[in-house]
Amino acid sequence: MTTLTTTPDGGASTRRRVPAPASAGRRPPRQGGTVLAVPALAWYLVFMLGPMVAIFVIAALHWPGMLQPVSFAGFGNVRTVLHDPTFWDAVSNTAIQLAVAIPVMIVCAYMLGYYVAQRPPGHRVIRYLLFIPGLISTPAKAMVFYAALSPDGLLNGALKDVGLGSLTDAWLASPSTALACLIALDVWGGIGFTAVLFAARLSSVPDELGEAAQLDGVGHWRMMWKIHFPVIRDYVGVVTMLQFLWTLFGSAQHVLLLTQGGPGTSSTTLSFLVYQKAFIASDLGYSQTVGVFLFLTGLVGLLVIRRVFRQTY
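Position 19, counted from 1, in the sequence shown is what the working numbering calls 19; the numbers after and before it change by one each time, with no gaps.
No lab work stands behind these hints: they were computed from the structure. The beta carbon of each residue, even a glycine, is placed where N, CA and C say it ideally should be. Wrong hints could be hidden among the right ones.
[To be verified] Label pairs and their computed distance ranges (CB to CB): (1) 74 with 129: 47 to 55 angstroms; (2) 137 with 206: 33 to 41 angstroms; (3) 125 with 83: 48 to 56 angstroms; (4) 54 with 137: 26 to 34 angstroms; (5) 121 with 37: 42 to 50 angstroms; (6) 204 with 79: 46 to 54 angstroms; (7) 139 with 175: 20 to 28 angstroms; (8) 220 with 79: 52 to 60 angstroms; (9) 41 with 242: 19 to 27 angstroms; (10) 137 with 299: 25 to 33 angstroms.
Build the full structure now, drawing on both the sequences and the hints.
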């Protein structure tokens with residue numbers, strides 16, 4: 001860069017200014033941040049990928065118990081599982097559970113979360129009340145449902161009090177209602193927590209969207225589904241995936257505490273079948289073969305949900 005200066009005798013002279021190097025005063029970026037991730041990566045590889053690989057390995061073994069000799073079974077466990085009627089009953093029950101519980105839970109939780117996000121009177125208290133089922137332990141929730149659905153429980157007592165004694169039933173011991181009771185427990189246990197998540201996300205939607213819609217005469221129903229839902233569509237997909245995984249893999253504890261998979265196999269799910277074959281029947285090969293099927297079902301389900309709820313705007 002050249003500048004013009006004036007000399008003492010009134011003349012002019014030029015002086016060239018040399019620009020400073022671009023790197024002067026700057027420190028090169030550090031490249032050692034990857035080292036900080038090594039402990040987390042090592043933990044993930046050992047305790048996440050390790051058990052996942054072990055599932056596929058054990059599925060190819062004939063292992064009749066923890067302390068029993070192990071032999072290679074190849075695809076023998078797969079043939080045994082596919083020819084077992086109990087497995088197909090578990091597949092049917094799991095499919096019904098997912099097809100009913102997930103849509104009901106997500107739709108109702110979204111509507112409830114939208115209501116809370118509008119900040120009605122007492123909305124802070126409502127948030128805490130909705131979160132209560134998530135704070136109750138699984139055995140405690142099972143005891144609540146057992147007290148309500150036992151032959152002498154609250155539900156049958158209420159039906160008798162209103163003159164509908166003919167509708168009473170042993171809800172948890174009836175093949176036609178046992179699975180429905182487990183689905184009701186899944187929905188009750190997850191809807192409040194999911195509603196709070198939706199309310200938190202909906203609260204971050206710009207108020208200008210709702211104000212513009214109200215000026216155009218849009219009602220709450222259309223505003224909820226046509227304006228706010230597309231904005232948080234991707235978040236709905238994330239929450240749906242979480243609830244899908246929880247229902248698919250976590251239903252075993254509800255079955256174990258309330259029905260033991262019965263009567264017969266009317267409430268046996270895939271996750272409970274994994275537990276039953278591993279810890280009751282001591283057939284680890286069969287158990288982990290079902291575990292592989294469960295893993296693949298979860299993977300495909302996540303891909304489908306991600307595809308359905310991908311952002312379109």
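Status of each hint after checking the structure:
1. Judged by the Cβ atoms, the range 47 to 55 angstroms given for residue 74 and residue 129 holds: they are separated by roughly 54 angstroms.
2. Our hint of 33 to 41 angstroms for residue 137 and residue 206 holds, since their Cβ atoms are close to 39 angstroms apart.
3. Take residue 125 and residue 83: their Cβ atoms lie about 55 angstroms apart, and the range 48 to 56 angstroms holds.
4. Look at residue 54 against residue 137: about 29 angstroms separates their beta carbons, and that is inside 26 to 34 angstroms.
5. Remark: the range hint 42 to 50 angstroms for residue 121 to residue 37 is upheld by a beta-carbon distance near 47 angstroms.
6. Under the hint 46 to 54 angstroms, the C-beta atoms of residue 204 and residue 79, about 52 angstroms apart, fit the expected range.
7. In this structure the hint that residue 139 and residue 175 lie 20 to 28 angstroms apart at CB holds, the actual value being about 24 angstroms.
8. Taking 52 to 60 angstroms as the suggested C-beta distance range, the pair residue 220 and residue 79 conforms, at roughly 55 angstroms.
9. In this structure the supplied range 19 to 27 angstroms holds for residue 41 paired with residue 242, their Cβ-Cβ distance being about 23 angstroms.
10. Checked against the hint of 25 to 33 angstroms, the C-beta distance between residue 137 and residue 299 comes to roughly 29 angstroms, which is consistent with it.
Comparing the model with each numbered hint stated earlier shows that all of them hold.
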